[in-house]
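*Asks:* Take a look at the letters that make up each chain.
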Amino acid sequence: MLRILFDIYKVFIIEVQRIFHDGGVILIFFVATLLYPLIFGAIYKNELVRNLPVAVVDLSRSDDSRRFIKKLDATPELNVQYECGSIAEAAKLMQQRVINGIFYFPNDYTGRLNRGETARVGLFCDMSSFLYYRSVYTGASAVLVDEMHDIQLKRYALAGMTGENAEMMVTPLPYNDVKLYSSAGGFTSFLVPALLVLVLHQTLFLGIGIMGGTARDERLTVELIPERLRGRHIMRVGIGRCLAYLGIYVPLSGIVLILIPHWFELPQVGKIGDLVLFLLPFLLSTIFFSLTVANFVSHRDSGIVCSIFFSVVLLFLSGMVWPQCNMPDFWRYFSYLFPYTPASQGFVSISSMGSALKEVDFEYSLLWIQTGVYLLAYCLTTQINNKKLSQPLYNKA
Amino acid sequence: MNYFFISIRREWQRLCCCPRYFILLSLGIVFSFVFFLTLMHEGQPEDLPIAVVDHDGSYLSRRLCHELAATQGVKVVAVYSTHAEARKAMQRQEIYAFMEIPEKAYSELLDFERPRITIYSNNAFLLAGSLSYKQLATMGKLASAAVHREILKKKGLEEEAIMGIIQPVEFDTHLVGNPTADYQPYVLTTILPGILALMVLLLTTYEVAREQKEGTAEDWVEQGGGNILTALAGKLLPYTIWFSLLGIVGNIIFFGPCHYPLQGSFGWMVLDMVLLVLAAQCMGVFLSALIPNMHMAVCVSAIYGALSFSMSGFSYPVSNMPASLQSCSYLFPLRHYYLTYAQVALYGGGLRECWTHVCWLLAFVACGFVGMLIMERQSKMER
Numbered sequence: 001m002l003r004i005l006f007d008i009y010k011v012f013i014i015e016v017q018r019i020f021h022d023g024g025v026i027l028i029f030f031v032a033t034l035l036y037p038l039i040f041g042a043i044y045k046n047e048l049v050r051n052l053p054v055a056v057v058d059l060s061r062s063d064d065s066r067r068f069i070k071k072l073d074a075t076p077e078l079n080v081q082y083e084c085g086s087i088a089e090a091a092k093l094m095q096q097r098v099i100n101g102i103f104y105f106p107n108d109y110t111g112r113l114n115r116g117e118t119a120r121v122g123l124f125c126d127m128s129s130f131l132y133y134r135s136v137y138t139g140a141s142a143v144l145v146d147e148m149h150d151i152q153l154k155r156y157a158l159a160g161m162t163g164e165n166a167e168m169m170v171t172p173l174p175y176n177d178v179k180l181y182s183s184a185g186g187f188t189s190f191l192v193p194a195l196l197v198l199v200l201h202q203t204l205f206l207g208i209g210i211m212g213g214t215a216r217d218e219r220l221t222v223e224l225i226p227e228r229l230r231g232r233h234i235m236r237v238g239i240g241r242c243l244a245y246l247g248i249y250v251p252l253s254g255i256v257l258i259l260i261p262h263w264f265e266l267p268q269v270g271k272i273g274d275l276v277l278f279l280l281p282f283l284l285s286t287i288f289f290s291l292t293v294a295n296f297v298s299h300r301d302s303g304i305v306c307s308i309f310f311s312v313v314l315l316f317l318s319g320m321v322w323p324q325c326n327m328p329d330f331w332r333y334f335s336y337l338f339p340y341t342p343a344s345q346g347f348v349s350i351s352s353m354g355s356a357l358k359e360v361d362f363e364y365s366l367l368w369i370q371t372g373v374y375l376l377a378y379c380l381t382t383q384i385n386n387k388k389l390s391q392p393l394y395n396k397a
Numbered sequence: 001m002n003y004f005f006i007s008i009r010r011e012w013q014r015l016c017c018c019p020r021y022f023i024l025l026s027l028g029i030v031f032s033f034v035f036f037l038t039l040m041h042e043g044q045p046e047d048l049p050i051a052v053v054d055h056d057g058s059y060l061s062r063r064l065c066h067e068l069a070a071t072q073g074v075k076v077v078a079v080y081s082t083h084a085e086a087r088k089a090m091q092r093q094e095i096y097a098f099m100e101i102p103e104k105a106y107s108e109l110l111d112f113e114r115p116r117i118t119i120y121s122n123n124a125f126l127l128a129g130s131l132s133y134k135q136l137a138t139m140g141k142l143a144s145a146a147v148h149r150e151i152l153k154k155k156g157l158e159e160e161a162i163m164g165i166i167q168p169v170e171f172d173t174h175l176v177g178n179p180t181a182d183y184q185p186y187v188l189t190t191i192l193p194g195i196l197a198l199m200v201l202l203l204t205t206y207e208v209a210r211e212q213k214e215g216t217a218e219d220w221v222e223q224g225g226g227n228i229l230t231a232l233a234g235k236l237l238p239y240t241i242w243f244s245l246l247g248i249v250g251n252i253i254f255f256g257p258c259h260y261p262l263q264g265s266f267g268w269m270v271l272d273m274v275l276l277v278l279a280a281q282c283m284g285v286f287l288s289a290l291i292p293n294m295h296m297a298v299c300v301s302a303i304y305g306a307l308s309f310s311m312s313g314f315s316y317p318v319s320n321m322p323a324s325l326q327s328c329s330y331l332f333p334l335r336h337y338y339l340t341y342a343q344v345a346l347y348g349g350g351l352r353e354c355w356t357h358v359c360w361l362l363a364f365v366a367c368g369f370v371g372m373l374i375m376e377r378q379s380k381m382e383r
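Respectively, the protein sequence lines represent chains A and B.
The first sequence runs 1 to 397 under our numbering.
The second sequence runs 1 to 383 under our numbering.
The set of hints was computed from the structure by calculation and includes no laboratory data.
There's no promise every hint is true.
Stated by the list, open to error - Below, a list of computed lysine-lysine pairs in the BS3-like style, where the Cα atoms sit at most 27 angstroms apart:
id	chain 1	residue 1	chain 2	residue 2
1	A	Lys271	B	Lys88
2	A	Lys70	B	Lys134
3	A	Lys179	B	Lys134
4	A	Lys179	B	Lys104
5	A	Lys71	B	Lys154
6	B	Lys104	B	Lys88
7	B	Lys141	B	Lys104
8	B	Lys154	A	Lys154
9	B	Lys153	A	Lys154
10	B	Lys88	A	Lys179
11	A	Lys154	B	Lys141
12	B	Lys380	B	Lys213
13	A	Lys179	B	Lys141
14	A	Lys45	B	Lys134
15	A	Lys70	B	Lys141
16	B	Lys153	A	Lys71
17	A	Lys358	B	Lys88
18	B	Lys380	A	Lys179
Unchecked claim - Incomplete in silico selection of chain A near chain B, CB under 10 angstroms:
id	residue
19	Ile43
20	Gly85
21	Ala88
22	Ala91
23	Arg120
24	Met127
25	Leu144
26	Met320
27	Trp322
28	Phe362
In this text, a Cβ means the ideal position worked out from N, Cα and C, and glycines have one as well.
Next comes chain A alone, as it looks inside the complex:
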């Protein structure tokens, strides 16, 4: 037993020394891991797209259209900055990217309203970003609903029906809406938690990949394993190396996933205990996953390319952006290969939505399964790699 612990300790020390001898790895583990969350926090600080500049083209020039415009200006989303004489003039502004939407009130706006017909308001949305569209649309529909309500009440008032009776006619079945987990519905509280988990996953993957590649580049044996530990004791090597990374990443993930969301006032309603319990298999599976992949990385810089490339792909695979139920089956199963998928979903569930550990049992058990599978895969690939190297250059630890 003591022997086992000693072996693990020895591997652990070697690994720590290797980590701290490599400037690139230190840059990635410590600088990138802490810098990225801060940059993301700063980029996405403002949550919502507010006060989007829009133009109105008011050919009706009536009290009705002016009231509508005033209400548009009063929404948090929109800011009526220009009043144009014609659609062409407004379209030009839109093309110059000065405004993100146009509201067009035709000549007959008031006339139709007075005749009791449906009046039409032209709405042109800037579609260059989903968030522009969403904000223009949200602001515009809120005003539309309010304005219709007012017009209808006014008409019933003229017909002699007021108060609750008129309300009953206009909205017999009203509804409330409750936006759960992020009342503002902002971009920050949606994207940043997923990005934080991604930063941890990718820096670990990148760091370990680089170290694997470097070892190969410098023509050392893959694992710098003490001779005695090759063969059936390979598990101890895996555990020892894993502990080195775990030691670095436990405090780092505390900072990135608990302190940073706190600083940036992201939704944080989960129990710390649940979070810690959940993060453990996440770190373990990510470490073993990276160690396994690193066994295939033959050069330092290929590791970097793989990791950067997969960052974007992983974000989309995780189901945070594009809903998981709408992915083709193949990609959904493919996504389960990476610890990031269950980790990001579980983290968002616990931290942003206040789930308990048993509500994320699927993700939680998947992470443990990945831990086991990748530990075995690591041992296996290391064995194969070692056999390939006929003449180990580095056999004394």
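Add chain B to chain A, keeping to what the hints say.
*Replies:* Frame of chain A; chain B shown alone:
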């Protein structure tokens, strides 16, 4: 001119003896095209799972469920009898929204007491949450309108008059450049060129840094006849052509078989793509000249390149970022690519609208020559 071909031949030989990196990157680009195009083949997410919490169990609630089932975009996957069950399903991410119908809703409605239904949506998921909310809210409005219409009908009004009463104003919505509000044109048109540019940046940084590391930088300039311009052009051109071709094929796929909107001319998109590739290459040269340590140079360009997705502003508008970051966004070629794309594809713009972005992209190219000068100075000093 002769030296130029010698430089190209030299680069070709280097590539042939060590093609691994180049092949890896090209495969990565092809993979990401296949991945993104198949992942979001639906355009807008369809059949998002939602639920109904029915405390009433009446004609009204069944009718609402029916209407929801017929709504495009969402799919009722469960009907719960308690609020807690629905909340739990939401936390398990089995549903993105639910509608709660209170007890005695139907009898209250018949008594003119205005029962209130409640819509809960999951805002932790932006796209799925807001789309399913939008559908449920539309449903809520329609339900009121339907009851209103029934009452008016009973009073003997004509269908036309009823329409004017229940819908006094409506929007005639034009979604400029993307009439179906599909999600891919927002995302793919920038993210895929972004991945391409990132790969090009990494490749160039690596290739140039390798010259320095292996001490072949001098030979490189000599083969170019001592002219850094020729040497640089000879080194970069083969890659420029190859990656521009990949990017152009990508754009052909977008605007051809995928039918993404393109108001302006395709020639502009080609130019935009070539300039993006050139800018990425030259930033690679610049970074590897600034940072002589090869590993460090690749790390730094990886960090810089990965940030360009956020800073390009295609997902989150730059105008919404803090002022200091807004100015930083100009330092990323992808930002200018995206702005040119939006101008050309969505608004049919041309030179008059895009020239500033073109100038910016050319400025990145100039950085490459600055980087070359720095490298030359360094090698002279070493000598």
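*Asks:* Now look at each hint and say whether the structure bears it out.
*Replies:* Consistency of the hints with the structure:
1. A:Lys271 x B:Lys88: Holds: lysine 271 of chain A and lysine 88 of chain B sit about 16 angstroms apart, inside 27 angstroms.
2. A:Lys70 x B:Lys134: 24 angstroms, holds
3. A:Lys179 x B:Lys134: 12 angstroms, holds
4. A:Lys179 x B:Lys104: 24 angstroms, holds
5. A:Lys71 x B:Lys154: At roughly 34 angstroms apart (the allowed maximum being 27 angstroms), lysine 154 of chain B and lysine 71 of chain A break the hint.
6. B:Lys104 x B:Lys88: 24 angstroms, holds
7. B:Lys141 x B:Lys104: The given pair, whose Cα atoms are some 20 angstroms apart, holds under the 27 angstroms limit.
8. B:Lys154 x A:Lys154: 21 angstroms, holds
9. B:Lys153 x A:Lys154: 20 angstroms, holds
10. B:Lys88 x A:Lys179: 15 angstroms, holds
11. A:Lys154 x B:Lys141: Within the cut-off at roughly 19 angstroms; holds.
12. B:Lys380 x B:Lys213: 15 angstroms, holds
13. A:Lys179 x B:Lys141: It holds: about 17 angstroms lies between the C-alpha atoms, which stays within 27 angstroms.
14. A:Lys45 x B:Lys134: Holds, at about 25 angstroms.
15. A:Lys70 x B:Lys141: 23 angstroms, holds
16. B:Lys153 x A:Lys71: Given that 27 angstroms is the threshold and the Cα spacing comes to 32 angstroms, the pair is violated.
17. A:Lys358 x B:Lys88: 11 angstroms, holds
18. B:Lys380 x A:Lys179: 64 angstroms, violated
19. Ile43: Constraint on isoleucine 43 of chain A satisfied, holds at 5 angstroms.
20. Gly85: It is violated, given that the least Cβ distance between glycine 85 of chain A and chain B is near 19 angstroms, above 10 angstroms.
21. Ala88: 13 angstroms, violated
22. Ala91: Check passed: Cβ of alanine 91 of chain A comes within 9 angstroms of chain B, closer than 10 angstroms.
23. Arg120: 5 angstroms, holds
24. Met127: 4 angstroms, holds
25. Leu144: 6 angstroms, holds
26. Met320: 7 angstroms, holds
27. Trp322: Because about 6 angstroms separates tryptophan 322 of chain A from the closest Cβ in chain B, which is inside the 10 angstroms limit, the hint holds.
28. Phe362: It holds, given that the least Cβ distance between phenylalanine 362 of chain A and chain B is near 8 angstroms, below 10 angstroms.
Checked against the numbered hints listed earlier, the structure breaks hints 5, 16, 18, 20 and 21; every other hint is satisfied.
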